[in-house]
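Novice: So the protein sequences, as listed, match chains G and S. Residues 24 to 318 (the numbering used here) make up the first sequence, in order. Residues 24 to 318 (the numbering used here) make up the second sequence, in order.
In case anyone wonders, no lab produced these hints; they're calculated from the structure. Using N, Cα and C, we set each Cβ at its ideal position, and we do this for glycine too. A couple of the hints might just be wrong.
As the list claims (entries may be wrong) - Where chain G lies over chain S, by a calculated footprint (3+ residues, C-beta under 8 Å):
{"no.": "1", "stretch": "46-53"}
{"no.": "2", "stretch": "78-87"}
{"no.": "3", "stretch": "91-99"}
{"no.": "4", "stretch": "133-145"}
{"no.": "5", "stretch": "233-245"}
{"no.": "6", "stretch": "261-270"}
Protein chains: 2
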Amino acid sequence: MGYHPNPIAKKLIQKKTLNIGVVVPEFINAFFPEVIIGIQDVLIKKGYQVLIVQSNECFETELKNVQSLEENMVDGLIISLSRETKNLDYYKSLIDQNYPIIFFNRYNEDLSASKVIFDDFKWSFFVSEHLIKQGCKKIFHFSAYNHLLLARNRIKGFKKALDKYGIKYDKDWITETGLFVEEGEQVMQGLIEKDNIPDGIVCANDKTAFGAMREIKKNGLSIPTDIALTGFSESPLVELVDPPLTSVIQPTHEMGEIAAKLLLKKIENEHMTPETVILNGTLNVRASSLKVKSQ
Amino acid sequence: MGYHPNPIAKKLIQKKTLNIGVVVPEFINAFFPEVIIGIQDVLIKKGYQVLIVQSNECFETELKNVQSLEENMVDGLIISLSRETKNLDYYKSLIDQNYPIIFFNRYNEDLSASKVIFDDFKWSFFVSEHLIKQGCKKIFHFSAYNHLLLARNRIKGFKKALDKYGIKYDKDWITETGLFVEEGEQVMQGLIEKDNIPDGIVCANDKTAFGAMREIKKNGLSIPTDIALTGFSESPLVELVDPPLTSVIQPTHEMGEIAAKLLLKKIENEHMTPETVILNGTLNVRASSLKVKSQ
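In isolation and in its complexed conformation, chain G is listed as follows (with noise of 0.2 Å):
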């Protein structure tokens, strides 16, 4: 590789540095920029740069991303995979060379690669069955993007609450949202314009939940009393907006420095069998979901 440091540059830094890409689907939620500190934190003290690519959701974008990285020679990948991904096999060669590459958050069962991921079914189900406490009786899942894996979880989570308490529920109580506070204030107006109102609704994340909870305070109704609201993923301004949402805490700092130990360990070791790390959250409840004071 023709390396070829400014002079100056080289003054102020002696040796040649190690590069990690790392792919994330967005940045507009807190939740990558935080995986990514994490990371940065661990990797940065090992002497790696870490050069950040985003797919804004795409898949072709995301692949040519990584053809990028790769042919700029980072010394490995940690990858989240992009809402569209399903072609597998550009990931599966990497993977098949022994390439160093971890996955988080988003992965795919198909790719033998090591990952960390966090708890979607059990924090689901938590979070589920906390509205099904404070009495609610009608519980709308706004699900994430469906062929997502986590998506998938976190709908088996809920289901697995509704019915442990054996509430029976209608097909169209889980329904495909996304991600972004537009999608959970459309899903939200739906509803109500088609008077198809639930007591209480868990959201996919917590954008979807404010989007929500806009469309429904601008139509006169109140949270929790009419609709008991919760989020996930706990983003800094939970507690800023009116009512307070109860949110689940997701580890990301945590999450990025497993993905940060885990490629460090595949690039020592490339024989490396591949190692799941699941994570586990916290439920916060606040005002939004609180129908029952001495819960």
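Add chain S to chain G, keeping to what the hints say.
Specialist: Frame of chain G, contents of chain S only:
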């Protein structure tokens, strides 16, 4: 350069990618992610890939990041400086070599490169004037890090408004706060403890305003009756906090697009005369600052 694409990638993508490096100081605030999306929207269409690095507001990391991008032979750089960056030697040497480099938002007047910036003076003046027109008499400015040019320009705009309306201010009305929720909270807490309470606050950004808001509410003071509050940079959640926050919209996406276009121009003509594009904003008045109903 040793270019050896993976055969599957080669099949999927025929042409060699061109890379642009984007250097941001942080991306927890939505500001930088939004600018980057604007940059990508222009560059991806032109066949460029965008490699992003984030400096965590640290000069050493920033410099290593830039060197890492340069080593990886990006075809140009778009940079917003970290809050620590004072040594400009490296950037000056790149500019002297006619390396394509564009600055946005945070720059330094000693660098003779093209840049796209926001008219901080003017919009800080307008938002301060708005509070004066609402009847505020003791207006504080929670400023950003004072060695940033944008922070100093906003201080100038704030002072200009107070001068114009003949409001005499103490030195302590301008208090260096920063850019994060906790920083706004902390400065507000200090004022409440010292019982030195303003009737209006112009915050450097929305996050510091959210922090001040949290602290004001915690202490049983009301917004805007006791303290009228304004943010800056219009984050997506200003409408969702209680009360909704008055803020200044900065054209983040446009800032990114223009930065990308300036870079393409510089790549096409390395001897171009440096250009400065100054962008305007919009003041969005909401309940957090609206004391006078009939404004």
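Novice: Using C-beta distances, would you say chain G covers the stretch 233-245 of chain S, given that this needs three or more residues below 8 Å?
Specialist: holds (count 3)
Novice: Do three or more residues from the stretch 261-270 of chain S put their C-beta atoms closer than 8 Å to C-beta atoms of chain G?
Specialist: Check passed, 4 qualifying residues.
Novice: Count the residues of the stretch 133-145 of chain S with a beta-carbon closer than 8 Å to any beta-carbon of chain G: does the count reach three?
Specialist: Answer violated; 0 residues pass the 8 Å Cβ test.
Novice: Examine the stretch 91-99 of chain S: at least three residues should have C-beta closer than 8 Å to a C-beta of chain G.
Specialist: It holds: at least three residues are needed, and the stretch 91-99 of chain S offers 6 whose Cβ sits within less than 8 Å of chain G.
Novice: Counting residues of the stretch 78-87 of chain S with a beta carbon closer than 8 Å to any beta carbon of chain G, are there 3 or more?
Specialist: Holds, because 4 residues of the stretch 78-87 of chain S bring their Cβ atoms closer than 8 Å to Cβ atoms of chain G.
Novice: When I compare C-beta atoms, does the stretch 46-53 of chain S have three or more residues closer than 8 Å to chain G?
Specialist: Our answer is that it holds, as 3 residues pass the Cβ test (under 8 Å) against chain G, meeting three.
The structure shown violates just one earlier hint, number 4.
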